[in-house]
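Knowing the structure of chain A, use the given hints to seat chain B on it.
The lines below spell out each chain.
Number of protein chains: 2
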Amino acid sequence: MTQTAGIDWNSAEKKVAEAALKKAYSREVEALISGVRAQAQAICLLEDVWQLHDFLSARRHEIDGKYDSEESSLVFTLSQLIKDGWLNLSELEGLDSSKRAKVSVLTRM
Amino acid sequence: MTQTAGIDWNSAEKKVAEAALKKAYSREVEALISGVRAQAQAICLLEDVWQLHDFLSARRHEIDGKYDSEESSLVFTLSQLIKDGWLNLSELEGLDSSKRAKVSVLTRM
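Protein chains in written order, with this note's numbering: chain A, 4 to 112; chain B, 4 to 112.
Isolated chain A, as found in the complex (with noise of 0.2 Å):
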């Protein structure tokens, strides 16, 4: 066990977070490739061209930062994905109730 910024993670709930990210990521990407598709058919002139580039501009910055699995950083990684709508906190059972209820306000913040 590593203690990291006062929280310690077990493996049991590494495992549980680590797989909380896959499904959030793996809804995040499918989400980003059907929103693409939709926006490229859209696309009339070169305005809306670069109105797609500069959207994916926005999203790689963003989801290149976003999963952060560090111990030091997982309960913000996890609310994070919470306030996004791609995680729900059901999905975190197996975490200490402790962590759960720091995801949990973190996600009201």
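No lab work stands behind these hints: they were computed from the structure.
Quantities reported herein were computed from a predicted structural model and do not represent experimental measurements.
Take the hints with a grain of salt, since some may be wrong.
Said to hold, decoys possible - Quick list of simulated restraints, FRET-style, between CB atoms:
no., chain 1, residue 1, chain 2, residue 2, range
1, A, K26, B, E94, 49 to 57 Å
2, A, G88, B, L109, 51 to 59 Å
3, A, E50, B, D71, 13 to 21 Å
4, B, S29, A, R111, 46 to 54 Å
Backbone N, C-alpha and C define an ideal beta-carbon position, used for all residues, glycine too.
Same frame as chain A, now just chain B:
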């Protein structure tokens, strides 16, 4: 008539050049749009999304600098568009023969 970089463009010639630029631009934009649509439909992985993003970054940069209609740049602009396949030398009828010869030479460089 303005003298720039040793090439005079009278108003009739400017109209021919502008029409050619417009034609090339609309062809290039149309091809870009259908290319983006096709590429978007073929997306399976997040990696493909970022590949589309890279492609759009490159095309945006390229197209932004390409349609330079300054008189001093026009022979270069036109020859580049011919090299890229968006324009045909025969579409420059109406320019005097020395300009067309310059454009033609530049397309072979």
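Hints, verified against the model:
no.: 1; hint: A:K26 with B:E94: 49 to 57 Å; verdict: holds, 56 Å
no.: 2; hint: A:G88 with B:L109: 51 to 59 Å; verdict: holds, 54 Å
no.: 3; hint: A:E50 with B:D71: 13 to 21 Å; verdict: holds, 20 Å
no.: 4; hint: B:S29 with A:R111: 46 to 54 Å; verdict: holds, 52 Å
Comparing the model with each earlier hint shows no violations; every hint is respected.
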